[in-house]
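Participant: If you want the building blocks of each chain, they are given just below.
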Amino acid sequence: MNDIATTLKENTYKPVKITITLPTHAYFMSGIRDFTLSLIKNTTEFSEQWAYRFQSVVDELANNAIEHGSQPGEEIKITFIYNPNESIEIQVEDSGTGKDARKAEEIKKIVDQYIQQSVPMANIRGRGLAKIVHEWTDELEFIDKPEGGLKVKVVKYLTHVETEELKKSFVYSEDKTHILI
Amino acid sequence: MATPASITIEDVESTTQGVVVKLVKFSGQLDESNVDEKAQQIYQLIESNPTNLNLIFDFEELEYMNSKSIGYLTDWYGKVYENGGKIVIAKTRPNILDILQVVGLTQLIKTYPTIDEAKFAITH
Chain A
1 MNDIATTLKE
11 NTYKPVKITI
21 TLPTHAYFMS
31 GIRDFTLSLI
41 KNTTEFSEQW
51 AYRFQSVVDE
61 LANNAIEHGS
71 QPGEEIKITF
81 IYNPNESIEI
91 QVEDSGTGKD
101 ARKAEEIKKI
111 VDQYIQQSVP
121 MANIRGRGLA
131 KIVHEWTDEL
141 EFIDKPEGGL
151 KVKVVKYLTH
161 VETEELKKSF
171 VYSEDKTHIL
181 I
Chain B
1001 MATPASITIE
1011 DVESTTQGVV
1021 VKLVKFSGQL
1031 DESNVDEKAQ
1041 QIYQLIESNP
1051 TNLNLIFDFE
1061 ELEYMNSKSI
1071 GYLTDWYGKV
1081 YENGGKIVIA
1091 KTRPNILDIL
1101 QVVGLTQLIK
1111 TYPTIDEAKF
1121 AITH
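Residue numbers (the numbering used here), protein chains in the order written: chain A, 1 to 181; chain B, 1001 to 1124.
No wet-lab data here; the hints were simulated from the structure.
The structure displayed is predicted, hence computed values, not measured ones.
We put the CB at the ideal spot given by N, CA and C, even for glycine.
One thing to keep in mind: the hints can contain errors.
Computed footprint of chain A on chain B; a stretch qualifies when at least three of its residues, placed anywhere within it, have a C-beta under 8 Å from a C-beta of chain A [as the list claims (entries may be wrong)]:
(1) 1001-1015
(2) 1029-1039
(3) 1059-1072
(4) 1088-1101
In silico negatives: residues of chain B with every beta carbon more than 12 Å from chain A [to be verified]:
(5) Val1024
(6) Asn1052
(7) Ile1115
Here are the simulated lysine to any residue pairs, SDA-like style, with alpha carbons at most 25 Å apart [as the list claims (entries may be wrong)]:
(8) Lys99(A) to Glu1037(B)
(9) Lys1079(B) to Arg125(A)
(10) Lys1091(B) to Ser47(A)
Looking at chain B on its own, in the form it has when it is part of the complex (with noise of 0.2 Å):
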């Protein structure tokens, strides 16, 4: 028995040879009864994907994250950026938001209103 969440990953055109970028959409809640399966996806991702990485996070569904997947975060960005990669944040709720900036994760992750701007963010 687990809450519902899920993670889509779509493709997304890159202008740089040798980067991928990805849009990846979070929907539902994240909490101690899915995410560590949940995680998995992203993490083999970043597996298929070992360098150049570029993460654009969609939030718009996402309505519920817990400490955990605040520490699943932290944990993809500092493997994507340490080799070479980058991870955005986009369209945010407000509690969402709020929560990633009590646990002082948007000093790390940038966070951008829409998708456009997140992606033109992390492609230049």
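So that you can see chain A by itself, here it is in the shape it has in the complex (with noise of 0.2 Å):
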């Protein structure tokens, strides 16, 4: 992994995009897991919490693509989208023959409803796309795809990043007559 990154971060400019296929079971995502975390970490100039962050967001995607968008014995894609100095992308894709698999306005409608509570949500499920996924990216969009099924996109740019840490400078700044940066 070590060289792969290496000469990942040596390509400075070009954007890096892994593909990953797997088969329709949960196990598999503790490989997925890792191998985000090691993706971000060593490729990537995303900190270390922000790596824990995307490891949260892939396997919320991937679990949902898993349990609603396709059947047990069948395959979901997850694709990372690396632009240099710029931004994440993420895509997950189920293949819509899940018992519950929907449509992406659908999703998109569910999804709103929960981010709009303002209260801690009470039930056991709906944090995974409305707080974790929705929180931790910049653009979260949902599509049908054409030959059937949904994808799920995500982004997170560098710079939106860097402004928030930024911001949570000024916060936790306690002296008032100097700016921290």
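Assembling the complex is the task here: the two chains are given apart, and the hints tell you how they should meet.
Facilitator: Okay, here's the thing in structure tokens:
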């Protein structure tokens, strides 16, 4: 992994695209989480905290694709697109054959309803997309694939992370006479 | 096939009559492959101690938790709280604390850096 990481980092301006296809079984997600963590930590400018956050984002999106979007025995596809010094994009695609597979518009409506809840949720489900994925990405898009199935695309911009960190340092600075940068 | 994870439960001496205190140690990764099965251990613990159950969740060895495991945590809290008990969390790793914060769970369940602080908080 380290040699690959070095090569990818040296390729400063070229986008890096990695696609993984895996069977619809939650057991394989442990390996995908490890891969995500290593990929973000070793080949991008995102911090370790963000590497852990993307690990959760990928896990939540893939679990939804496995549980709702695809029948057992089929496959889901996860794609990472890293634009150096700019952004990381993650796409997760299901086959649309799952017992409660939904169209993009329906999913968006459900997620928007969860997002608008201001009090902590009391139910067991619903936090994956509406809290974890929504809060930790800048763009969240649901797309109906022409061949059937759903593609969920998320993007996080490095500049937004830097801005957020800067805002935090303003908030946490107790010395009102100095600006902490 | 499931990701390795375990939950072990230990008795903690209670200073208040009628109050049961347990230390619940989580380890490994709680994910979609194992969380439904592992959650049953806590539901059984709650059923066996229907009132005044105080739980200290030790998350030192917990490496990962997904949204469903956070959902269970909320459900356990509701069941314990409505029957006069409490749940606190101790020794959380930064990535776990981050996820608990983003879903708003730290507004509901208090987290402490050490077991001793969690014990003190739950018994006072």
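Participant: Are the hints correct? Go through all of them and say.
Facilitator: Hint by hint, here is what the structure shows:
A count of 3 residues in the segment 1001-1015 of chain B with a Cβ less than 8 Å from any Cβ of chain A is obtained; the coverage claim is therefore met, three being the minimum. Counting residues of the segment 1029-1039 of chain B whose CB falls under 8 Å from any CB of chain A gives 4; the rule of at least 3 is met. Restraint check on the segment 1059-1072 of chain B versus chain A: 7 residues with Cβ-Cβ distances below 8 Å, three needed, restraint holds. Against chain A, the segment 1088-1101 of chain B contributes 4 residues with a C-beta closer than 8 Å to a partner C-beta. That satisfies the three-residue criterion, and the hint holds.
Non-interface call for Val1024(B) relative to chain A: holds, since the shortest CB-CB distance, roughly 18 Å, exceeds 12 Å. For Asn1052(B), the non-interface assignment is confirmed: its Cβ lies about 22 Å from the closest Cβ of chain A, beyond the 12 Å cut-off. For Ile1115(B), the shortest C-beta to C-beta distance to chain A comes to about 24 Å, beyond the 12 Å cut-off, and the non-interface label holds. About 22 Å separates the Cα atoms of Lys99(A) and Glu1037(B), which keeps this hinted pair within 25 Å; it holds.
Between the alpha carbons of Lys1079(B) and Arg125(A) the distance comes to roughly 17 Å, so the proposed pair stays at or under 25 Å and holds. Taking the CA atoms of Lys1091(B) and Ser47(A), the gap is near 22 Å; set against the 25 Å cutoff, the hint holds.
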